[in-house]
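Chain by chain, the residues run as shown.
Protein chains: 2
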Amino acid sequence: MIKKVLKFGGTSVGSIERIHHVAGIIKKEFDAGNQIIAVVSAMSGKTNELLELSKKISKDFNKRELDVLLSTGEQVSCALLSAALINLKLKAKSWLNWQIPILTEGEHTNARIINVNVSQIDEFLKFGVAIVPGFQGVSKSGDITTIGRGGSDATAVALAKLFNADTCEIYTDVDGVYSSDPNKIPVAKKIDKISFDEMLELSSLGAKVMQPSAVQTAKIYDIPLQVRSTFTNRIGTKIFEQDSIDYSKSVTGVAYSKDDAKITLVGVEDKPGVAANIFEPLNKAQVNVDMVIQNISSNMKKTDITFTIKRDDLKKTIDVLKVNKNIKYDSVIQNDLVAKISIVGAGMVSTPGVTYRMFKGLAEENINILAISTSEIKLSVIIDEENTLKAIKKLHNIFELD
Amino acid sequence: MIKKVLKFGGTSVGSIERIHHVAGIIKKEFDAGNQIIAVVSAMSGKTNELLELSKKISKDFNKRELDVLLSTGEQVSCALLSAALINLKLKAKSWLNWQIPILTEGEHTNARIINVNVSQIDEFLKFGVAIVPGFQGVSKSGDITTIGRGGSDATAVALAKLFNADTCEIYTDVDGVYSSDPNKIPVAKKIDKISFDEMLELSSLGAKVMQPSAVQTAKIYDIPLQVRSTFTNRIGTKIFEQDSIDYSKSVTGVAYSKDDAKITLVGVEDKPGVAANIFEPLNKAQVNVDMVIQNISSNMKKTDITFTIKRDDLKKTIDVLKVNKNIKYDSVIQNDLVAKISIVGAGMVSTPGVTYRMFKGLAEENINILAISTSEIKLSVIIDEENTLKAIKKLHNIFELD
Numbered sequence: 001m002i003k004k005v006l007k008f009g010g011t012s013v014g015s016i017e018r019i020h021h022v023a024g025i026i027k028k029e030f031d032a033g034n035q036i037i038a039v040v041s042a043m044s045g046k047t048n049e050l051l052e053l054s055k056k057i058s059k060d061f062n063k064r065e066l067d068v069l070l071s072t073g074e075q076v077s078c079a080l081l082s083a084a085l086i087n088l089k090l091k092a093k094s095w096l097n098w099q100i101p102i103l104t105e106g107e108h109t110n111a112r113i114i115n116v117n118v119s120q121i122d123e124f125l126k127f128g129v130a131i132v133p134g135f136q137g138v139s140k141s142g143d144i145t146t147i148g149r150g151g152s153d154a155t156a157v158a159l160a161k162l163f164n165a166d167t168c169e170i171y172t173d174v175d176g177v178y179s180s181d182p183n184k185i186p187v188a189k190k191i192d193k194i195s196f197d198e199m200l201e202l203s204s205l206g207a208k209v210m211q212p213s214a215v216q217t218a219k220i221y222d223i224p225l226q227v228r229s230t231f232t233n234r235i236g237t238k239i240f241e242q243d244s245i246d247y248s249k250s251v252t253g254v255a256y257s258k259d260d261a262k263i264t265l266v267g268v269e270d271k272p273g274v275a276a277n278i279f280e281p282l283n284k285a286q287v288n289v290d291m292v293i294q295n296i297s298s299n300m301k302k303t304d305i306t307f308t309i310k311r312d313d314l315k316k317t318i319d320v321l322k323v324n325k326n327i328k329y330d331s332v333i334q335n336d337l338v339a340k341i342s343i344v345g346a347g348m349v350s351t352p353g354v355t356y357r358m359f360k361g362l363a364e365e366n367i368n369i370l371a372i373s374t375s376e377i378k379l380s381v382i383i384d385e386e387n388t389l390k391a392i393k394k395l396h397n398i399f400e401l402d
Numbered sequence: 001m002i003k004k005v006l007k008f009g010g011t012s013v014g015s016i017e018r019i020h021h022v023a024g025i026i027k028k029e030f031d032a033g034n035q036i037i038a039v040v041s042a043m044s045g046k047t048n049e050l051l052e053l054s055k056k057i058s059k060d061f062n063k064r065e066l067d068v069l070l071s072t073g074e075q076v077s078c079a080l081l082s083a084a085l086i087n088l089k090l091k092a093k094s095w096l097n098w099q100i101p102i103l104t105e106g107e108h109t110n111a112r113i114i115n116v117n118v119s120q121i122d123e124f125l126k127f128g129v130a131i132v133p134g135f136q137g138v139s140k141s142g143d144i145t146t147i148g149r150g151g152s153d154a155t156a157v158a159l160a161k162l163f164n165a166d167t168c169e170i171y172t173d174v175d176g177v178y179s180s181d182p183n184k185i186p187v188a189k190k191i192d193k194i195s196f197d198e199m200l201e202l203s204s205l206g207a208k209v210m211q212p213s214a215v216q217t218a219k220i221y222d223i224p225l226q227v228r229s230t231f232t233n234r235i236g237t238k239i240f241e242q243d244s245i246d247y248s249k250s251v252t253g254v255a256y257s258k259d260d261a262k263i264t265l266v267g268v269e270d271k272p273g274v275a276a277n278i279f280e281p282l283n284k285a286q287v288n289v290d291m292v293i294q295n296i297s298s299n300m301k302k303t304d305i306t307f308t309i310k311r312d313d314l315k316k317t318i319d320v321l322k323v324n325k326n327i328k329y330d331s332v333i334q335n336d337l338v339a340k341i342s343i344v345g346a347g348m349v350s351t352p353g354v355t356y357r358m359f360k361g362l363a364e365e366n367i368n369i370l371a372i373s374t375s376e377i378k379l380s381v382i383i384d385e386e387n388t389l390k391a392i393k394k395l396h397n398i399f400e401l402d
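Heads up: the protein sequence lines correspond to chains Z and B, in order. Here this note's numbering is used: position 341 in the first sequence is 341, and no number is missing along the way. Here this note's numbering is used: position 308 in the second sequence is 308, and no number is missing along the way.
Same shape as in the complex, but just chain Z:
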């Protein structure tokens, strides 16, 4: 008897037809003798619709009530999917966050699952399918909480852990993790196996297949994941711990994001505490600084500091720099027409020349590198946005990902 947690995302339950289709997948799994816990997201568009409503009431909508509001999205999906399964003559039942309960801690709209009562559902799984809303839980004080956007992945991983499930399968609208965005790079290849760390880098760097925090949790608890399509029968991508991965390839994938902006402060005093003076107020203003590069200036007492931020934060960042008199510099150069391109691979650290090959490849295409940042398993560069596609294609080609 295999116990499976199956997670179905917003597009997978985005219409009546799709809910019937998902019911068919679950019935097949159940009829094959598996015990099934299905975690469902809100129907696609639903959460945004509720968020829009909340913004119309108040731009400062109370967070406890926002959780009450948003949690209805998954509740609707649960009821519809359960009824569709019952219609297929299966015993199925929706279990809402407080009925299980799924206990969380932490603040509203950003809570964490800390425990789940498994006994009732485990008993029920002997003869029926349990349908559970993703993205939500209930606090010790009995308030509904949500665990952040895309949190249904995190719910699936937490349930897989706490129910001691054999597999955790993330059903979505793509048929796996790709070496790059298949919509942009037609030669992008589906990755069959990937490590948690690589997946973490890829999802942090713009691949939208899974939420980074859910991958993180799966890594911590060593829950092997499988990302697969709701709409095809293809096998998907397996995500698991590094030591069981084939390292014959140094680079697993190329990620990119176009929502970055680059700022250079020219002529900053070159003395201790200057960087802190710059980044402390940005941190207070909740600006997330990504890459930081400090160049040696020609004037030996001054230096240039370049950093990247989310493009949405550009105006706020410039405002903070202007208002804060502790930050001294000659001028600011801002550029929001940049893209971040990253290569990711668990084998990179042990493969010499990856960095060199990347820089050489970009140079061959006449692509100027504006900033560089590295970690053990990834290498990111900032380039002009107009070169994005050319860069991805070249890197794909160099590292034989086609």
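Fair warning: there could be bad hints in the mix.
One copy or any two copies: either way a pair holds, since identical chains are not told apart in the list.
To be verified - The list that follows gives simulated cross-link-like pairs (lysine-lysine, PhoX-like), each with its CA atoms no further than 25 Å apart: (1) Lys63 <-> Lys91; (2) Lys59 <-> Lys28; (3) Lys63 <-> Lys161; (4) Lys302 <-> Lys63; (5) Lys59 <-> Lys46; (6) Lys46 <-> Lys56; (7) Lys63 <-> Lys46; (8) Lys302 <-> Lys238.
Note that these hints are calculated values from the structure, not bench results. As the structure is a prediction and not an experimental result, all values here were calculated from the model.
Given the structure of chain Z, go ahead and fit chain B onto it with the hints provided.
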């Protein structure tokens, strides 16, 4: 310190602007020193939208899951209204059915409220406004239940009883109970005071201001009600126990419904048990038979039986009559182009000539009466649908309701 239960219907919370407006009403009441429990319906159209979704999944949608689905409508209203109040610097909090809890018994989609835990909310009312979803509760087994369409009125009355509230005010989209439908009869007059019994008859007979079952509960527990408009400052209609009502008027209002149909079975055997043979299978098929009239036939061994049903049940009724071989008759006459017109008044029973005046008035307008039914405080007739307006106007005039 006055404790008030205020109920806001679907149109009262039907848009963001209206929710802000309702928040304003509540703030005014709170600032005046009152303790406020607000019961809210789903935003207008929302429950029907969810019902449509359920029908697309299955015509036989599981009832437990239907309750899970439908209860989200009021949950959304609760969150939006609470946040709107918090935005006005009030302490406000949504209390969901299971958080209170509102305990129910009876089957899914048709449960009854049997108890409510008042202690937590009573404590909260000392400094804040409690927002409670209408129409729903939780069963002893911990499942969400709903209490039937329009059940938010029943929730308000039950809470008024169990919280020992001083008043129960039903805010709606009309400014009170009218002597007849003001949209159809421009001279219809708002009734200032009406007895529970009269209100019960009026609401059972088609006046859509309040759900009959809620009025019934208010009568049983002697909870005075006030029906008033969310959108004007007019006083509304007070509904309370009969012995405190002014009987100077024999007839309080004229109600009508156009959703009836009339069936006559011609040539039924005139012997004991025949009526039971006809109505038992209809009862089993859940056809609600309203008026029954048995005429003496010219053939002394046979009789004609006429009865009225909801128009929606016409096909089902004819099917039952055809299938059931215990029911013997010569022919069936069916007519779905009928309307039921009723005059209602607590003073009718003690005022001679009301019946005569009604029949004479209809005759003067050449309106044929197809069936008659009476009770202590109402008199209903079935007439051809095309005469509805003419009949209402005439009765209004006769009984000086203009």
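Hints, verified against the model:
Only between protomers do Lys63 and Lys91 lie at most 25 Å apart by alpha-carbon distance; the minimum there is 14 Å, versus 36 Å within a single protomer. For the identical chains of this complex, Lys59 and Lys28 are inter-copy neighbours only, at 23 Å across copies versus 45 Å inside a copy, given an alpha-carbon limit of 25 Å. In this homomeric assembly, Lys63 and Lys161 never come within 25 Å of each other (Cα to Cα): the closest approach is 28 Å inside a single copy and 32 Å across copies. Taking identical chains as interchangeable, the C-alpha atoms of Lys302 and Lys63 are never at most 25 Å apart, the minima being 45 Å within one chain and 72 Å between chains.
In this homomeric assembly, Lys59 and Lys46 come within 25 Å of each other (Cα to Cα) both inside a single copy, at 19 Å, and across copies, at 23 Å. When the C-alpha separation of Lys46 and Lys56 is checked against a cutoff of 25 Å, the pair qualifies both within a copy, at 16 Å, and between copies, at 18 Å. In this assembly of identical chains, Lys63 and Lys46 lie within 25 Å of each other by CA distance both inside one copy and across copies; the values are 18 Å within and 23 Å between. Taking identical chains as interchangeable, the C-alpha atoms of Lys302 and Lys238 are never at most 25 Å apart, the minima being 50 Å within one chain and 80 Å between chains.
The structure is inconsistent with the numbered hints 3, 4 and 8, although it conforms to all the rest.
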